[in-house]
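Line by line, the protein sequences give chains H and F. Sequential numbering of the first sequence, starting at 259, is according to the numbering used here. Sequential numbering of the second sequence, starting at 259, is according to the numbering used here.
Which copy is meant is left open, so a pair is good if it fits within one copy or across any two.
Derived DMTMM-like pairs: lysine to aspartate or glutamate, alpha-carbon spacing no greater than 20 Å straight-line: (1) Lys-299 to Asp-272; (2) Lys-309 to Glu-284; (3) Lys-309 to Asp-374; (4) Lys-309 to Glu-268; (5) Lys-309 to Asp-281.
Calculated from the structure, these hints are not laboratory results. Here the structure is a predicted model, which means the values were calculated and not measured.
2 protein chains.
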Amino acid sequence: MARRGEALREHILDAAKLAFLEDGFERTSMDAIAARAETSKRSLYAHFPTKDTLFLAVVERIRALFGARMRTPAEYSAQPSEAVVRYCGRFVQLLRWSSVARMLRLGIAEADRLPDLAAGLYDVLFGVTAGDLAAHLVMTSEFSAEEAEVAANELIGLVVHPTLPRLLFGVEPLSEEMPEETRLASDVDLDRIRRLVGLVADPATRAAPRFRR
Amino acid sequence: MARRGEALREHILDAAKLAFLEDGFERTSMDAIAARAETSKRSLYAHFPTKDTLFLAVVERIRALFGARMRTPAEYSAQPSEAVVRYCGRFVQLLRWSSVARMLRLGIAEADRLPDLAAGLYDVLFGVTAGDLAAHLVMTSEFSAEEAEVAANELIGLVVHPTLPRLLFGVEPLSEEMPEETRLASDVDLDRIRRLVGLVADPATRAAPRFRR
DNA sequence: GCGGAAGTAAACTCGACTGTACCGTATACT
DNA sequence: AGTATACGGTACAGTCGAGTTTACTTCCGC
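Modelling step: build the complete structure from the supplied sequences, incorporating the hints.
Printed below as a string of structure tokens:
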């Protein structure tokens with residue numbers, strides 16, 4: 259017997275994550291998960307009372323991982339505008355990561371049956387990201403809270419399109435490698451994002467960004 | 259016996275559409291579709307050899323309906339810039355329509371298993387829309403083909419966010435009513451879209467849109 | 001080194017699903 | 001009217017999956 263207790267539980271979660279992300283909820287059987295985890299179905303049900311429970315635990319795990327990998331804008335650069343740029347770049351990088359993109363597909367697929375799960379995914383991705391971005395804008399620019407909220411959402415919309423739909427519909431390939439803690443990928447087009455930041459930075463005058471520094 | 263031949267086939271497609279959109283592909287049984295269509299499973303298989311075939315036919319039907327409802331920018335106004343605004347407004351209105359939003363969920367859910375279906379959905383929604391918009395910009399403004407392509411995608415990104423994710427994740431309620439042929443809904447915020455058009459209309463100078471008329 | 005907790009392995013229940021077969025019947029065409 | 005065809009209803013074959021049960025084995029604290 260290789261694993262016991264918490265170690266086994268984590269191992270099951272790892273195997274279930276791979277299985278669910280690969281085949282979806284309905285098409286993944288508990289037998290398949292047990293085989294993948296090299297354990298018995300009995301142990302699955304010892305740790306997770308139902309298939310739904312296990313699924314929720316898997317999604318919660320990826321969700322937490324996304325949150326941990328995302329950080330806040332200020333952690334990406336001491337210069338406020340560049341922090342915004344890199345924060346957005348990080349965001350699209352994480353969206354491309356197959357674990358995240360496939361989790362989004364799963365959440366969308368089960369949005370009717372598990373509304374809380376889907377709403378939670380939306381929140382940690384777009385709600386928290388837009389909120390953190392808006393808070394950073396309020397702190398470092400002359401935007402009011404309302405302007406910052408609008409600008410943050412407009413910027414995110416600009417940055418993720420058309421990448422997000424392309425990822426969801428499988429038109430654009432997913433990135434299999436797991437991003438490092440705070441490393442930005444080389445394939446993120448920061449110059450494009452700098453231009454987009456310029457677009458939304460000041461909707462009133464459409465001048466250059468009015469960052470304080 | 260109420261229906262025969264083509265009439266029955268259409269009736270089956272209607273029932274299957276409701277069933278699939280409501281419960282998803284996996285959770286909808288052929289028995290349920292037969293009951294909903296008030297016909298027999300025998301007739302289902304007489305018209306559609308497999309469940310997949312029926313599903314593809316249903317999605318193709320909604321896809322065609324979307325294309326027919328979307329039209330081209332020039333049909334929305336004689337004034338070029340206002341045509342862009344109303345075209346974008348129409349786009350988000352159709353996205354909110356439950357038949358379309360739920361079809362998107364289905365396509366995303368089956369993106370791995372039926373890549374051609376998902377890619378087809380992406381194309382008719384975002385590919386064709388961006389293409390038509392870019393073509394209209396080229397015809398009516400001073401944008402080059404490349405600038406128009408970029409501007410069209412940026413505008414679509416601005417317009418659909420955060421509505422599209424909210425619809426997909428069930429955070430925002432779907433609209434049950436079927437949009438008229440070319441009527442714009444009253445709940446589409448055209449003033450917001452006018453502002454967004456201003457944002458992307460001229461990335462070089464960020465001046466007001468340089469439409470010819 | 002012993003006893004209970006935790007794990008493995010396999011068969012098993014029960015229900016649901018796809019797709020097929022059969023038969024009686026209604027419809028369309030001539 | 002008569003016949004081929006299409007439809008409805010039901011039963012069935014074959015498969016598969018969630019969750020349970022039983023019998024056996026290994027780990028770990030004491």
